[in-house]
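2 protein chains.
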Amino acid sequence: MWILSAPSGSASMSVVTLALTVLTSSQAILIVWSKRAGKYEYSVTTANFMVETLKCALSLAALTRIWRSEGVTEDNRLNTTLDEVIVFPIPAALYLVKNLLQYYIFAYVDAPGYQILKNLNIISTGVLYRIILKKKLSEIQWAAFILLCAGCTTAQLKSNSDHVLQTPFQGWVMAIVMALLSGFAGVYTEAIIKKRPTRNINVQNFWLYIFGMIFNAAAILVQDFDAVMNKGFFHGYSFITVLMILNHALSGIAVSMVMKYADNIVKVYSTSVAMLLTALVSVFLFGFDLSLAFFLGSTVVSVAVYLHSAGKLQR
Amino acid sequence: MWILSAPSGSASMSVVTLALTVLTSSQAILIVWSKRAGKYEYSVTTANFMVETLKCALSLAALTRIWRSEGVTEDNRLNTTLDEVIVFPIPAALYLVKNLLQYYIFAYVDAPGYQILKNLNIISTGVLYRIILKKKLSEIQWAAFILLCAGCTTAQLKSNSDHVLQTPFQGWVMAIVMALLSGFAGVYTEAIIKKRPTRNINVQNFWLYIFGMIFNAAAILVQDFDAVMNKGFFHGYSFITVLMILNHALSGIAVSMVMKYADNIVKVYSTSVAMLLTALVSVFLFGFDLSLAFFLGSTVVSVAVYLHSAGKLQR
Numbered sequence: 009m010w011i012l013s014a015p016s017g018s019a020s021m022s023v024v025t026l027a028l029t030v031l032t033s034s035q036a037i038l039i040v041w042s043k044r045a046g047k048y049e050y051s052v053t054t055a056n057f058m059v060e061t062l063k064c065a066l067s068l069a070a071l072t073r074i075w076r077s078e079g080v081t082e083d084n085r086l087n088t089t090l091d092e093v094i095v096f097p098i099p100a101a102l103y104l105v106k107n108l109l110q111y112y113i114f115a116y117v118d119a120p121g122y123q124i125l126k127n128l129n130i131i132s133t134g135v136l137y138r139i140i141l142k143k144k145l146s147e148i149q150w151a152a153f154i155l156l157c158a159g160c161t162t163a164q165l166k167s168n169s170d171h172v173l174q175t176p177f178q179g180w181v182m183a184i185v186m187a188l189l190s191g192f193a194g195v196y197t198e199a200i201i202k203k204r205p206t207r208n209i210n211v212q213n214f215w216l217y218i219f220g221m222i223f224n225a226a227a228i229l230v231q232d233f234d235a236v237m238n239k240g241f242f243h244g245y246s247f248i249t250v251l252m253i254l255n256h257a258l259s260g261i262a263v264s265m266v267m268k269y270a271d272n273i274v275k276v277y278s279t280s281v282a283m284l285l286t287a288l289v290s291v292f293l294f295g296f297d298l299s300l301a302f303f304l305g306s307t308v309v310s311v312a313v314y315l316h317s318a319g320k321l322q323r
Numbered sequence: 009m010w011i012l013s014a015p016s017g018s019a020s021m022s023v024v025t026l027a028l029t030v031l032t033s034s035q036a037i038l039i040v041w042s043k044r045a046g047k048y049e050y051s052v053t054t055a056n057f058m059v060e061t062l063k064c065a066l067s068l069a070a071l072t073r074i075w076r077s078e079g080v081t082e083d084n085r086l087n088t089t090l091d092e093v094i095v096f097p098i099p100a101a102l103y104l105v106k107n108l109l110q111y112y113i114f115a116y117v118d119a120p121g122y123q124i125l126k127n128l129n130i131i132s133t134g135v136l137y138r139i140i141l142k143k144k145l146s147e148i149q150w151a152a153f154i155l156l157c158a159g160c161t162t163a164q165l166k167s168n169s170d171h172v173l174q175t176p177f178q179g180w181v182m183a184i185v186m187a188l189l190s191g192f193a194g195v196y197t198e199a200i201i202k203k204r205p206t207r208n209i210n211v212q213n214f215w216l217y218i219f220g221m222i223f224n225a226a227a228i229l230v231q232d233f234d235a236v237m238n239k240g241f242f243h244g245y246s247f248i249t250v251l252m253i254l255n256h257a258l259s260g261i262a263v264s265m266v267m268k269y270a271d272n273i274v275k276v277y278s279t280s281v282a283m284l285l286t287a288l289v290s291v292f293l294f295g296f297d298l299s300l301a302f303f304l305g306s307t308v309v310s311v312a313v314y315l316h317s318a319g320k321l322q323r
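For the protein sequence lines, the chains are A and B, in the order given.
Here our numbering runs 8 ahead of the position in the first sequence, where the first position is 1.
Here our numbering runs 8 ahead of the position in the second sequence, where the first position is 1.
These are calculated hints, taken from the structure and not from any lab test.
Quick caveat: nothing in here was measured; it's all calculated off a predicted structure.
There could be a bad hint or two in this list.
Note that identical chains are pooled: a pair holds if it fits in a single copy or bridges any two copies.
What the hints assert, rightly or not - Pairs of lysine-lysine residues, derived as DSS-like cross-links and limited to a Cα-Cα distance of at most 27 Å, are as follows:
id : residue 1 : residue 2
1  : Lys-106   : Lys-202
2  : Lys-239   : Lys-166
3  : Lys-126   : Lys-166
4  : Lys-320   : Lys-143
5  : Lys-202   : Lys-143
6  : Lys-320   : Lys-166
7  : Lys-239   : Lys-202
I would like the entire structure built from these sequences, with the hints used as guidance.
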C-alpha cells in the first residue's frame, strides 16, 4: 500500500511514475492474455464500476490509516464543501462523452487506425496543459513532445497503417475532438487536484471516484441492465477479470498521484514508455515480432525522454 | 558561377548549403526522370570521368578569374608540394573500395534494404567526425544526430522494409564497413581541406579532382574498355545525361565548399533534407504516394534540424 501514502521527495515521485509505467504496461499484457485465453463474457460496465468502487475503498483505507496516525485535520477530513466538490464530476463527464464518441468513430476508422489516431492525445494534452494550466515547457521540451508523438506512432506502424491517411473528414474531426476531450479531462483533473495543494490526495481521490461510481452505475443501467438482471452482476468474471480490475484500480490511483505530485506531461511520458515496454514484453511472452518501425519509434521516444529532462536545465 | 567564389560570411555559407540541398534533390529527380524516359545506354564510368573532368575545368576557370583580379599568390597558385598533395588520392581511393564493396553487398541485401542500411552513414560520419577531427557536438546535438538517422530511416520505410532485419551477419558487417569507409572519406576530405585554411579552395578542389579523374580513368579501363573502344566514349549520351553530369559536378563542388566553410555534419543534414525534398517533389512530378511513415520521418528530421541549431546555444 506504499502507493497510497503521499510521496514527498522526488525519489518517491520517481517510484510513483515507475509504478504507473509498470501498471500500464501490465494492463495491456493482461488484455492480450485475456483475449488469448478466450473471449470473456463479463460486462465491461460492471467491471468499470468495480474499478471505481475498489479505488474508492482503497482511498478510504488509506485515509483510515492516516486519521489513526495523524488525527483528523482540515486537510484530511472527508467532509467537503460544494465549492470544492462541484468540479469533481466534470472529468468523469468528459470521459463519458469521449467513450460515447468512441462508438461512432469506428464508422470511419478501423481499430488499428484508431490506435494510431489516439496518439493525437499526446499533442492535445501538451497544448491544453500549456493553455489551461498556463505552465511553460522550454522549446527543447516542446520539440521532445512532438518527437514523443511521432515516435509512438512510428512504433505502432503496421504494413497497412497508411489506410489511416484515407480517414474521411468526419473521422478526423471526431478523432481530434476525442483527443481534446481526453486531454481536457486529464488537464482538468490536474487543475482540480492541484487547486488545493495541502488537501490530502486520498480525499480528493475519494470524491473523484464517487462520481466515477455514479457515472458508471448510470452506464450499467443504460447499457447492461437486462444482462445484469438476467445473468447476475458478476456473470463471466474470472481470475483474469479480477486481476484486470485490480490493475486498473491501482493504475488509476497512480495516475492521480502523478497528477498531484508531477503533471500530465510526466503522465503522458510514462504511459508512452509503458506502451513500448508492453510490446517488448509481448515479444517474450507471446512470440510477437519486433518490426524495424518499432525499433525506430522506440529510439525516437527514448531520445524524447532524454530531451524532456535535458530541456529542463535551460530554463 | 557564384558557387565558385569563396563565400566569406555565414549568409554565403547558407547559400552554399542551400545549393547543396537543391542540387542533391534535383540529382535524385533527374535519376528518376532518366529511368522514366527509358533506360540509357551510356557507360557509368565515362559519365563519372566526365563529372571529375568538368569539376576540374570549373575549378580552373574560377582560378583564372581569381588570378586576373588578385594576382597569383602563395595561397592561390596551382603549384603544390608533395607534402600537400600526397593525401589527396586517399578520399578517392576510399570511395573506390566502397564502390567495389557495393557489388558484393547485393548478395546479402536487396536494393531497398541497402537504401535503409545506407543511413548508417549518418552515424559513422558523426562518430568519425568526433574521433578524427576531434570536434565536439553538444549532447543535444548528438541526440539530434540520432534522430536524423532514425527519421531518415523512418521516412524510407516501405511495407517490406522489415526484410532488412533478416540481413545475414556478413551483410551487416559489409554495411558497417561501407558506412565507415564513406564516413571516413568525408571526414578525411574535410581534414585535408581545412588543414590549410588560407589555401584557395579551387586549388584544393583541382588536386582532389585530378585524382578523381585518374581513378575514374582506371575504372573505364577495367570495366568498360571494350564498350568504349567499339561504340565510342559518348555512346548513349542524351540531354538528360548531360544534365546529370552537370548536376553531379556542381553538387560535388558544393560539397567541397561545405567541407571548407562548414563541416561534414552540415553536409549530412543538407543531404538528408534533400532526400525528403526529393520525395515531396516526386509526389507532384510523378504522382508518388506519401506514406504515414514518410510524414513521421520528416517530422523527426525537421525536429532534428531544429535541435542541431538550438543545441549550439548551450555550448
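For each hint, the structure was consulted:
no. : hint              : in the structure
1   : Lys-106 x Lys-202 : within (24 Å within a copy, 60 Å between copies)
2   : Lys-239 x Lys-166 : neither (39 Å within a copy, 49 Å between copies)
3   : Lys-126 x Lys-166 : both (15 Å within a copy, 23 Å between copies)
4   : Lys-320 x Lys-143 : both (13 Å within a copy, 25 Å between copies)
5   : Lys-202 x Lys-143 : within (13 Å within a copy, 46 Å between copies)
6   : Lys-320 x Lys-166 : neither (34 Å within a copy, 36 Å between copies)
7   : Lys-239 x Lys-202 : neither (43 Å within a copy, 82 Å between copies)
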